[in-house]
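Protein chains: 2
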Amino acid sequence: MIKKDGYSRARLGRIDTDHGSFSTPAFLPVGTQGSIKSLIPEELVHLGVEAILGNTYHLYLRPGHETIERLGGLHTFIHWEKPILTDSGGYQVFSLAKLRKISEEGATFQSHLDGSRHLLTPERVVEIQRALGSDIAMVLDECIPYPSSYEYVKTSTSLTTRWARRSLKNKRENDPALFAIVQGGMYRDLREDCAQRLVEMNFEGYAIGGLSVGEPKSLRREILEWTTPWLPENAPRYLMGVGTPEDILDGVMLGIDFFDCVLPTRNARNGMLFTTTGKISIKQAQYGDDGRPIDEHCSCYTCQHYSRAYLRHLYLANEILSSRLNTLHNLHFYMEWLRRIREAIREDRLLDFYKTYSSHRKEGEAERSAPCQA
Amino acid sequence: MIKKDGYSRARLGRIDTDHGSFSTPAFLPVGTQGSIKSLIPEELVHLGVEAILGNTYHLYLRPGHETIERLGGLHTFIHWEKPILTDSGGYQVFSLAKLRKISEEGATFQSHLDGSRHLLTPERVVEIQRALGSDIAMVLDECIPYPSSYEYVKTSTSLTTRWARRSLKNKRENDPALFAIVQGGMYRDLREDCAQRLVEMNFEGYAIGGLSVGEPKSLRREILEWTTPWLPENAPRYLMGVGTPEDILDGVMLGIDFFDCVLPTRNARNGMLFTTTGKISIKQAQYGDDGRPIDEHCSCYTCQHYSRAYLRHLYLANEILSSRLNTLHNLHFYMEWLRRIREAIREDRLLDFYKTYSSHRKEGEAERSAPCQA
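Line order of the protein sequences matches chains D and H. For the first sequence, the numbering used here gives the first residue as 1, with consecutive numbering after it. For the second sequence, the numbering used here gives the first residue as 1, with consecutive numbering after it.
Below, a list of computed lysine to aspartate or glutamate pairs in the EDC-like style, where the Cα atoms sit at most 20 angstroms apart:
hint : chain 1 : residue 1 : chain 2 : residue 2
1    : D       : Lys283    : H       : Asp114
2    : H       : Lys283    : D       : Asp114
3    : D       : Lys154    : D       : Glu215
Just so you know, these hints were derived from the structure itself, not from any lab.
Could you put the whole structure together from the sequences, leaning on the hints where they help?
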């Protein structure tokens, strides 16, 4: 950690990995199946991306972690030389797979691609991420629906905690850094208990999982308020699958170091574009003759060269370039947002930064979080 | 014209337009709806592309030539500063539109997008291309099916010739260069007659249309042999919608200066990749573990950084990046092919070049041409 904010729990830091380090607070774009959809790595670097996420579930099923290992690991395979975090697959087993069954041993499920049966155990998930050659690996956890009863969450969180211990036991010397995942649903005591148990095991970092599953945003903030104080100061903290620019700012102020979310890239493909004055849907008829860029204050490639009218045309014509230009813009917006957050922490004015932007968001306050993972 | 080949009708040249000039023999990638699918203009320039084609039919229907004109013309709209050739829409009326009806006045048809009714006349087609601000405009022609009877082709070619005269009459001083289109089906006398009549009208360039519609390749070569001698030496010659690398070489040797075709870009999206030793289909299982680039002799971005295994994975996973990386490779292959043809003409060794590559193509000789336009 480089610096702590004086008025919030925000932290400025840098996380070191075998493939270089990245500045925090950070946002990791999601490369679900081995590509940040539509972009090449050189563009990501140009956007200021310092680390990306890969999905273990997807890569395990296709092309297979063993194939990727034979071809030199995920970095070589996808031509990305900077840090890669891989998730555990737990969330996708919960959200994508068919006929899943959770037992003490692990998670049995059917592939959403071909119906083939698979068993992911905590040990196997560590092995898969080892084969992928990721820099930061996540333990297998059970992702539970929202809402869930106290009893169910208690049982599940206890299982997740036992799985974390088994994961750690299977870790080898040159393995990726292994991060635990704090679960506990929306229950304060379960969150606190889970955090304490995991911290006792001494992981290299801690994620907070099971959020952004439909809960009110105010509840998510409460959970972060309860949880982050239990996590060690000197270990990175990762809020999984979150979120909007405002959600990220909230998370930073509550002590989170980094985030991942499909929102900027998925929204881009759906024609939803972030601007400094709010989101716009590029397909709207009002942009048909609009010669202005998406955002007149934006310095991204798309805004430098193309009009809203052209982007609307590409979207309506279902042109591949639509996804690409929109993704460039939205990721630029996110990277710029994080850069400004880091700058504000560095210059001791995060609270002012927050106040400036919280005025925009009154109406979104009661919003429920939308699932935002791949 | 810079140079004529001593052993064939091949010509080395340069075509000047208001947006710069391009070297011939040239290949123009097709930007059907205002984008060369998946690529940005800077990439095209890097690939050596000096001119592109836009489809009048598509742009007229969506977003509309008037919208594009209001936004500063097609060059500004799509952020492409080099020459643009627009076709007349005749081919798309023939291949895409519904309920088309050809009369002396023009072509009535229903949009393939929304069923709306439209009339394209020779005059209107000139006006649309003027509004788009293209550098080279094409006259409206009737594209006829293959095979067609002598009587039908004769009547149609006569109409196309009358339409050409009306187009020329509607041309204004600062309009795009206007090219006529030689039709005449597969009949020598009709081709020769059409060419002579059009040349008498003194167009700025001449295209050969109505080929690559399913006729045997040997017949296409014959038609070029009959037709090009009737065209003036000092005017550019354009073979529309052709074709494979071998087809292009044939055309060059028969006196054609430039070509357009969706083949390299469409094939790319279908996973068909050109290599110096033939085409490969990247989806094949044999590439699943193949760490080699598409073509070990290729210097394109894709071949410098990615394996066949990764490209196969992207294709099977339906990733947008698949289309992009494959398009970069295939267009590189085409641009490199044209560069080598120009070099061979310059160095008086086109015949050797032809002999080297004609040995590859014996089995393709009886192949029928496939429609290759957007």
